[in-house]
Amino acid sequence: MCFKLDLKLVAKLEAFMLPEYFEFQLAPKVIYGVGVVDQIPNNLLYLGSRRALLVTDLVLVQTGTVRKVIEALESSQIEIAAVFDEVPPNSTIKTVEDCSTAIQENKCNLIIAVGGGSVIDTAKVANLLAVKGGRLSDHMGAYLLEKSEKLHPAVIIPTTAGTGSEVTKVAVIADTKNQVKLPFAEDQFLPELAVLDPELTETMPGKLTAATGMDALTHAIEAYVDKEWSPASDAMALHAIKLLSKNILIACARPEDMQARGAMLVGSFLAGVAFSHSMVGMTHGIAHALGSVYHIPHGLANALVLPEVMEYNLEERMERYVDVGYALGVQYPQYVSGSKSMIQNGSLLTSLFKKAGPTPEVKSWLSDKVHQAQGLAGEALSVFGFVDDWVRRQVAKGAIEKVRTLNRQLAYLTEMPLNLKDAGIDDQLAKLETVVQTAMEDGAMLYNPVEPQRKAVRAIVQTVYGNNDKPLCVPMNQLGQSAEKKGSRSFQNVFSDSETVYRVIGGFFDRLKEHEKMGPELAKTNLLIQFIYKKPSAVITIDARGDELAIYHGDCDLTPEVTMSMNADFAHLFWHGKANLITALTKREVKARGNVPKTIKLLPVLNPAYALYPVYLKEIGFELNDLK
1 MCFKLDLKLV AKLEAFMLPE YFEFQLAPKV IYGVGVVDQI PNNLLYLGSR RALLVTDLVL
61 VQTGTVRKVI EALESSQIEI AAVFDEVPPN STIKTVEDCS TAIQENKCNL IIAVGGGSVI
121 DTAKVANLLA VKGGRLSDHM GAYLLEKSEK LHPAVIIPTT AGTGSEVTKV AVIADTKNQV
181 KLPFAEDQFL PELAVLDPEL TETMPGKLTA ATGMDALTHA IEAYVDKEWS PASDAMALHA
241 IKLLSKNILI ACARPEDMQA RGAMLVGSFL AGVAFSHSMV GMTHGIAHAL GSVYHIPHGL
301 ANALVLPEVM EYNLEERMER YVDVGYALGV QYPQYVSGSK SMIQNGSLLT SLFKKAGPTP
361 EVKSWLSDKV HQAQGLAGEA LSVFGFVDDW VRRQVAKGAI EKVRTLNRQL AYLTEMPLNL
421 KDAGIDDQLA KLETVVQTAM EDGAMLYNPV EPQRKAVRAI VQTVYGNNDK PLCVPMNQLG
481 QSAEKKGSRS FQNVFSDSET VYRVIGGFFD RLKEHEKMGP ELAKTNLLIQ FIYKKPSAVI
541 TIDARGDELA IYHGDCDLTP EVTMSMNADF AHLFWHGKAN LITALTKREV KARGNVPKTI
601 KLLPVLNPAY ALYPVYLKEI GFELNDLK
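Heads up: the sequence shown at position 124 corresponds to 124 in the working numbering, and the numbers run straight through without jumps.
Some hints could be false.
[What the hints assert, rightly or not] Calculated lysine to any residue pairs in the SDA-like style (CA-CA distance at most 20 Å, straight line): (1) K534 to I551; (2) K578 to E589; (3) K169 to P28; (4) K535 to G507; (5) K587 to V30; (6) K524 to V605.
Treat the hints as calculated values from the structure; they're not laboratory data.
Keep in mind that this is a model prediction, so the values were computed, not measured.
Based on the provided sequences and hints, a complete structural model is requested.
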């Protein structure tokens, strides 16, 4: 018996098959939130006292971003021994050597990087050089350190949403003499802590937001279609594509929008984790070459080259580009498979039953006829499966067009160049062959799904050089509604002394006890819980185990089932309904001991109290301004 092999079906099945082998290492600890930079000391207590070198650039010093980080570390166990702010947009061998010297001369045993990819890569490689010594070229390569070898612990705080370097094991440094990028990769490059604070990206100019955002999108797309993909990197890459494509225009148009800024940071982080496991491809190989030879900013080079490489890879990775298209928001209905599914899963039968009424005889007759029709209709529709194949191809092609459209819209919003000529190449590509040769020797080319050819690389560079695309106006509905400008909501120094805490917070508990609805609900919890407040100190205990709810102000002899410790300011914020207890536990703003799940079940009971608290404050004459 002879069977005809359906190559299209094989391609679809391969998209769901597991690779023969893959590795996945969880990223370092990552904390995210507006103003979360203040949480750094609490997350590094286990390191003890440290002398830190803060690595950054002069622009971030001038904008006050570095000052925010330094202030967050004041009165902590971390001393900023020195600030190295000499990192250029493309870090060089000399920059790394100077930074390494600063680490050694200041006897630093902690590295804090505040900046974009160049700053972060400088910190990584300088750390390596300071610990291992020798020449920088001695350490170039991949995974030369033994697992047992250690570098100084590091904290990485990205101020751009693009490189994902805060969670990658790689770094790239420019060799300006030889016009090449030097690659480094070590497991030890992963930091102790990565800090994603959208507030620190607010001062990023629109053009930089666009370029770094497209860099992140390139990471995600190449991670998904490259040779070394894995199930874990796939999941992160696709979600990164969704976050980045939906928020990049908003972040450029409304730099104060913390939701969009945050989405870009998280998308960049996810893309970083994805490509650190599956690597990047031809887009990066060409972009690295353009950066080395013509000093084109890396993110911009990626943005311009990406759609051309997607076109080059399309046939080999059609099914994966279909997924990319859907993640980018490309929408085409699959008429045939949708109709076939509707027939085969019985939804058509259900619809007919509803119209026919409940008569058993009618249902039986319809059931027989529809089941007969299902087989015939399914076979008939299968003949037209080519329609859905055509639709899927349009989705994949739509992914390429979507990237081109994003570039044009970003050009409209930020004046981002749309070709290499406008990006600064003014010699009519006189160094084209050098670019091609440099690209062909780049390590990223090894992971491209289609083997790169010199002819193809040359054609792509020429296309991107002479591209005639024009900026495209962005409809207002694509920019969404203006979201929160600042996500940090807090009170500070609300209570002057312990007596005030007892009068306000303790008095509110007493009020809830007497409330006709809240009192009985609290009494039903059968819980003995103690709240320990700090700044200023106070202790309030609630005993709901007996026939009557009891509330004690101050120390008592009871042994609570649950103890919850927090600053008194946080309690004030909580009763305003502006604090999430689960998040606070994760951030260690609240520390709980005992049967915490039982306590969490109190939250629905307390919901009505949020509306009562402001009213209660007015009644007792205790009023503050709105949340800061």
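Evaluation of the provided hints:
no. : hint         : in the structure
1   : K534 to I551 : holds, 19 Å
2   : K578 to E589 : holds, 14 Å
3   : K169 to P28  : holds, 11 Å
4   : K535 to G507 : holds, 18 Å
5   : K587 to V30  : holds, 11 Å
6   : K524 to V605 : holds, 10 Å
Hint violations for this structure: none, all hints satisfied.
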